[in-house]
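J.: Throw the hints in and build the complete structure from the sequences for me.
Spelled out, the chains give:
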Amino acid sequence: MDLAPYLLLAGLEGLVQASVLMLTALGLSLVFGVMRVVNVAHGEFYMLGALIAWACGAYIPGPPVLGFVAGLLVAPLAVGALAWAADRAVLQKIGYNPEGTIVSTIGMLYILQQGALLTFGPDARAVDAPFYYTIRTPWFGYSSYKLFTVAVAILLVAGLWLLMRKSKVGLLMRATQFDRETALNFGIPVGKVYSAVFAIGAMMAAVAGVLVVPNQQAHYLMGTDPLLLSFVVVIVGGLGSIPGTIAAAVLIGLSDGLLSVFFSPTLAKIVSTLLVALVLIFRPEGLFTVKGRRA
Amino acid sequence: MIHNGRLFALILATIAVLFALQFALSDYLVLAATRILIMAVFAMGYNMLMGYAGLLSLGHAMFFGAGLYAAGLSSYYWGSSLPVSFLIGILASAAFSFVIGLLALRTTGVSFMIVTLMFAQAAYLATLYFSRITGGDQGLTLPTDARSFSLLGHQMDMTSDPVRFNLALAIFALVLVFMFFVTQGPLGRLFAAVRENEPRTRMLGFDTYRVRLAAFTISGTVSGLAGALYGLVFGYIGSAFAGFHYSIEALLFTLVGGPGTLLGPLLGTTVMTMLIDRLSGLTTAYLMIVGVILILVNRWFPKGILGTIRERALPWLK
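Heads up: the protein sequence lines correspond to chains A and B, in order. According to the working numbering, the residues represented by the first sequence are 368 to 662, in order. According to the working numbering, the residues represented by the second sequence are 965 to 1282, in order.
Don't read these hints as lab results, they were simulated from the structure. Model, not experiment: these values are computed from the prediction. In this text, a Cβ means the ideal position worked out from N, Cα and C, and glycines have one as well. Some hints here could point you the wrong way.
Quick list of the computed label-pair ranges, beta carbon to beta carbon [to be verified]:
| no. | chain 1 | residue 1 | chain 2 | residue 2 | range |
| --- | --- | --- | --- | --- | --- |
| 1 | B | D1125 | A | F629 | 48 to 56 Å |
| 2 | A | L645 | B | L1243 | 33 to 41 Å |
| 3 | A | F630 | B | T1105 | 53 to 61 Å |
| 4 | B | Y1173 | A | Y463 | 21 to 29 Å |
| 5 | B | P1126 | A | G462 | 44 to 52 Å |
| 6 | A | P372 | B | D1125 | 54 to 62 Å |
T.: Put into structure tokens, the structure is as follows:
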């Protein structure tokens, strides 16, 4: 048997998964880095993004590309607004106490998931890809849309990088992350920064959901796996570190793709969840960060 | 020696009232009460760690599942008698929680929550991965000859509602009394000391890692005991019992009833189970109310029902 086609397929699938994962995980990492909040409801923002993309595709007449573009705009805005409101109404009121925020975001998880069940019903919804063009390799045809998601993900991550490094908003966020008290003393509206960060984190998950939905059906329970994998990525990459998160997303995405193709998806998940636990126990600063220095 | 006499009297009175309930309730409610009693044992195990030792775990379903599977599988495959299977369930969850505790307790705070969540998720996925043995999602139904056992010459039939209720009540009562002696004695004070101020406890010369490990192991073992009991009494084991939702149920029941109170888990389990039972008749999305209650309790009643009563009126209600 020739291994090359399998390796190529697993590699491509892994790359696509890595790029979507990178977006979701960066959202989680941003929220943890700046706010020190572990958002268990993060996967539900992803799920909402996917379902909104489906609704846009289903209710907007014309070619699928129109619905896709609409979804790409509407989903992050709607989800971002929701996350902003959730931060104001819930997290801010309990003073971002670590245990309280975890319990509250678990509550949000149930509310969003069951809300989606009530609104969209229990069926899995398929979405048409905005374009169909098959790239031929010697052994199989590969969807160009999947490679398009990789490109969009890279662009968005570059955008986030610029936002964090070059803009005033990014400066405020980094200052808040670095030292909340001092930032407050310098008149930075930390409360607003927190709400904005929570919204941006959720928006990244929502965009990932929009991108993934032509490859995978939208469903109210679809948020669990990305949440778990994002945890894996964020923790393996070092909590709150953007370069570490990107490196870990590629590593986890590729290895998950390979393990899933050659063994079983369940085994791949068992390996990665155990990896997270062991990293947190034995190397809590992450695999890619030097002790005491965080990018 | 009994340290908190009033609380002990209240516990005995609660057990007496629970025993009397079976003569007043309908068959359906007796069955519901059986389930509530077993889930309350699970929540009591959870409360040991969260309420008394101050460590919030997001993965206690793995211990419930460990007890459930160890007891259920030994009965299913080896045909061991129910008391033996029950014992195997308890021993297996004790060993499992000790090993997980050794690892997980190297972390604290947020890391501890994520580590327990991840171990539990790996355990849940393992029950799916080995579905040839465990039955996976479908689960396994215990065979007819594993549905009864003889106790001192009496035949105990696990399909009879009164037998199940009284068995669950007896074990619940034993665990409750055990919990009383652990939490109201010197070990309980040590747990509270670690919860309130860990560095100071360490400075006083206590090995806080070992104190936490003791709390973790007792907590996991009691949760596993509840799982073993559940599997054997209802004759069914399935991977859903090891899933995330069961970890959250233990947290929810404890939080609503009052973390760090002996009777809180029973009260929380009763209130929430009855509420969910009512709601699930009305809507398929009844879990939404679980989310709403988690958020509301966390914001306005972080001490739960009994914790709030303790604060306002009855300081001995621990």
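J.: Any of the earlier hints contradicted here, and which numbers?
T.: Failing hint: just 3.
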